[in-house]
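Q: For reference, the chains in residue letters:
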Amino acid sequence: MSFFEAKSLTKKFGGLTAVNDLSFSVEKGEIFGIIGPNGSGKTTVFNLISRFFPVTSGEIWFQDKRIDALPAHEICKIGIGRTFQVVKPLRRMTVQENVMAGAFLRTGSITNARHRAEEIINFCNMDNYKLREAKGLPIPLRKRLEIARALATEPQLLLLDETCAGLNPKESEAAIELIRRIRDAGITIIIIEHIMKVMMGISDRILAINFGKEIALGKPQEVANHPEVIKAYLGDAYA
Amino acid sequence: MLNKKMLMTIAFALIAVALPLVIKAPYQQHILILVLIWATMGTAWNLLSGYAGQVSFGHAAFFGVGAYSAGLLTLHLGLSPWWGLILGPVMAMLVALPIGAIAFRLRGPYFALATLALGEIFRLVFLNTTNFTNGAKGILIMPAITSKVFYYYVGLGMLAVTVLVVYLIVHSKVGFYLVSIREDQDAATSLGIPTSLYKNLALLPSAFFTGLAGAFYMNYVAFIEPNIVFNLTNISIMVILVVMLGGVATTWGPTIGAALYIIMGELFRTTLGPANVLVFGVIVCLIIMFLPNGIAGELDILKRITQRKKAGLSGGV
Ligand SMILES: Nc1ncnc2c1ncn2[C@@H]1O[C@H](COP(=O)(O)OP(=O)(O)O)[C@@H](O)[C@H]1O
Ligand SMILES: [Mg+2]
Chain A
1 MSFFEAKSLT KKFGGLTAVN DLSFSVEKGE IFGIIGPNGS GKTTVFNLIS RFFPVTSGEI
61 WFQDKRIDAL PAHEICKIGI GRTFQVVKPL RRMTVQENVM AGAFLRTGSI TNARHRAEEI
121 INFCNMDNYK LREAKGLPIP LRKRLEIARA LATEPQLLLL DETCAGLNPK ESEAAIELIR
181 RIRDAGITII IIEHIMKVMM GISDRILAIN FGKEIALGKP QEVANHPEVI KAYLGDAYA
Chain B
1001 MLNKKMLMTI AFALIAVALP LVIKAPYQQH ILILVLIWAT MGTAWNLLSG YAGQVSFGHA
1061 AFFGVGAYSA GLLTLHLGLS PWWGLILGPV MAMLVALPIG AIAFRLRGPY FALATLALGE
1121 IFRLVFLNTT NFTNGAKGIL IMPAITSKVF YYYVGLGMLA VTVLVVYLIV HSKVGFYLVS
1181 IREDQDAATS LGIPTSLYKN LALLPSAFFT GLAGAFYMNY VAFIEPNIVF NLTNISIMVI
1241 LVVMLGGVAT TWGPTIGAAL YIIMGELFRT TLGPANVLVF GVIVCLIIMF LPNGIAGELD
1301 ILKRITQRKK AGLSGGV
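Those protein sequence lines, which keep their order, are chains A and B. Per the working numbering: the first sequence = residues 1 to 239. Per the working numbering: the second sequence = residues 1001 to 1317.
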């Protein structure tokens, strides 16, 4: 069995089917990309995995355990961290305190949590900002803080929701470099990105969805050239 | 840094201990005792509403239950009302338990509304169960001790324990989790924090120490009735104002706020005559408008900025 598996995942909001019979699996050490036009159900997939929403039907498996009935806060404990597309900083806490809040999942000691936070802040190149309140940070740093905080919980699988959206090319480049280093540290990654170009460069495999349904799955080149993808996704971007 | 902080605390503690030796007039000592009661209540409210962000509009329920625990022990069992200092906090926690268990599961203003209702329900129930509570007639006890100095030191001990326990909670993993929940519940959940459980971990000690303050109040004032101890404006809302004045989510804010509020209130009452409530209200509003973080809160912000400057790190707020 794969490291992570979603089987026939379906989510309905009233009459709207946001995720429709979606199945995919992710191998350990992979960077797995999910693309799709706005509103195609990408974030909803993350919300299902992290149990922010209950699934309507389907199963989610992580390391041979079925996890789709766990309470939301347990998901992080078993090793799945996430970031939010619309960032959710702990506003009146400093960068350091934000990251410590994550680190406390694995320790009860303030000293240990602070030490762990220092390491992660350094890993994320945020040393200069560690005593800044999160609410005063510009967007690129807030996005980075989302990642740092999730890393502090020591995940084995990290869900990144549109980390590069809203960044300029240079900031985007720095974010991609960080994501690569996270993978090199042994963390498996599922990444959602709206921008096709970003995904092409870093993903090992890509799942393309539209209206919550799979339209293509495979190597980045295969997916990019898939007629359904060009029609559904690149179609409106290049029209 | 820590040493300086500890020295300051010790210095203030010594001043607090020496105060009744300097301030000898019974009326002034009475004011000091009231400050201690409000500081204790404010500190307790602050843990739940200031740090954990779960705003309670019904702390009168816990205060009143604490006070009545002491009063009813004497009324029905002939026990010393001092036993209320043990029973009161426990009863207040028992009252808090179901409220937390139910209201914290829901998102939104449900907890605030539940606490608002709670205080009023208790007031009405205690008013109307006359056989058990004496209703509006209240409970009057004959205190065995009348020395103000005695009550001052008991009150000071109560405040010291409350501040210490709240401080230890806030400066632990639990405290970090409470503030995280206040700042963003979704983010907290995504970091593996069981939010309902932790909110209860803030509610229970908060109710406990508020109940303790209530039981002490009964011992000191020796008379209670439901409209006094379960009062919405004079207890539940006042404790909020006290903490806002001094500084929400700060260690000493509630104590500073209580001192300011009580002393200023008394000063105006005795000097301004009928206009005192209006003037007092306007001044409290002005302070809250111009120092939105309270007095201790604004000082904290200044300290943080200088700390960062010293460390040579990126500035701004
Ligand atoms: N909590 C919700 N309640 C109702 N509808 C929702 C909710 N969250 C998302 N949706 C709907 O589900 C669809 C997929 O949204 P989303 O997963 O956010 O898309 P994406 O992340 O791909 O842009 C959209 O039509 C959106 O309006
Ligand atoms: Mg999205």
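These are computed hints drawn from the structure, not numbers from a lab. Glycine included, every Cβ here is placed at the ideal spot set by N, Cα and C. Treat the hints with care, since some could be wrong.
Said to hold, decoys possible - To give a feel for the contact side, a few chain B residues facing chain A, derived at Cβ under 8 Å:
1) Thr1009
2) Phe1012
3) Ala1013
4) Ser1147
5) Phe1176
6) Ser1180
7) Ala1187
8) Thr1189
9) Leu1191
10) Glu1266
11) Lys1310
12) Ala1311
Said to hold, decoys possible - So, partial list: chain B residues that the calculated Cβ filter (under 7 Å) puts toward chain A:
13) Glu1183
14) Asp1184
15) Gln1185
16) Ile1295
17) Glu1298
18) Arg1308
19) Lys1309
20) Gly1312
Q: So, for every hint listed, does it hold in this structure?
A: Okay, the hints, checked on the actual structure:
The interface hint given for Thr1009/B is violated, since its Cβ lies 19 Å from the closest Cβ of chain A, which is over the 8 Å cut-off. Given the 8 Å rule on beta carbons, the hint for Phe1012/B is violated: about 24 Å separates it from the nearest Cβ of chain A. Checking Ala1013/B against chain A: minimum C-beta separation of about 24 Å lies over 8 Å; hint violated. About 42 Å separates the beta-carbon of Ser1147/B from the nearest beta-carbon of chain A, more than 8 Å, and the hint is not met.
A distance limit of 8 Å between C-beta atoms decides the matter here; for Phe1176/B the minimum to chain A is near 5 Å, and the interface restraint holds. Because the beta carbon of Ser1180/B sits about 4 Å from the nearest beta carbon in chain A, less than 8 Å, this interface hint is met. Restraint check, Ala1187/B versus chain A: the minimum CB separation of about 4 Å is within 8 Å; hint holds. For Thr1189/B, the interface hint holds, the least distance from its beta-carbon to any beta-carbon of chain A being 5 Å, beneath 8 Å.
The beta carbon of Leu1191/B comes within 5 Å of a beta carbon in chain A, closer than 8 Å, and the hint placing it at the interface holds. Interface restraint check for Glu1266/B: the shortest CB-CB distance to chain A comes to about 34 Å, outside 8 Å, so the restraint is violated. Restraint check, Lys1310/B versus chain A: the minimum CB separation of about 10 Å is more than 8 Å; hint violated. Interface restraint check: Ala1311/B against chain A, minimum CB-CB distance 7 Å, threshold 8 Å, status holds.
Below 7 Å, beta-carbon pairs count as interface contacts, and Glu1183/B has one with chain A at about 4 Å; its hint therefore holds. Using the Cβ-Cβ criterion of 7 Å, the hint placing Asp1184/B at the interface with chain A is satisfied: the shortest such distance is roughly 5 Å. Below 7 Å, beta-carbon pairs count as interface contacts, and Gln1185/B has none with chain A, the closest being about 9 Å; its hint is therefore violated. Annotation: interface hint on Ile1295/B violated; nearest CB of chain A at approximately 18 Å, more than 7 Å.
With 7 Å as the threshold, the beta carbon of Glu1298/B stays out of range of chain A, its nearest partner Cβ sitting at about 14 Å, so the hint is violated. A cut of 7 Å between beta carbons decides the hint on Arg1308/B: the least distance to chain A is about 5 Å, and the hint holds. The criterion of a C-beta within 7 Å of any C-beta in chain A is not met by Lys1309/B, whose closest approach is roughly 10 Å, and the hint is violated. Residue-level restraint check for Gly1312/B is violated (minimum Cβ-Cβ distance to chain A is 9 Å; threshold 7 Å).
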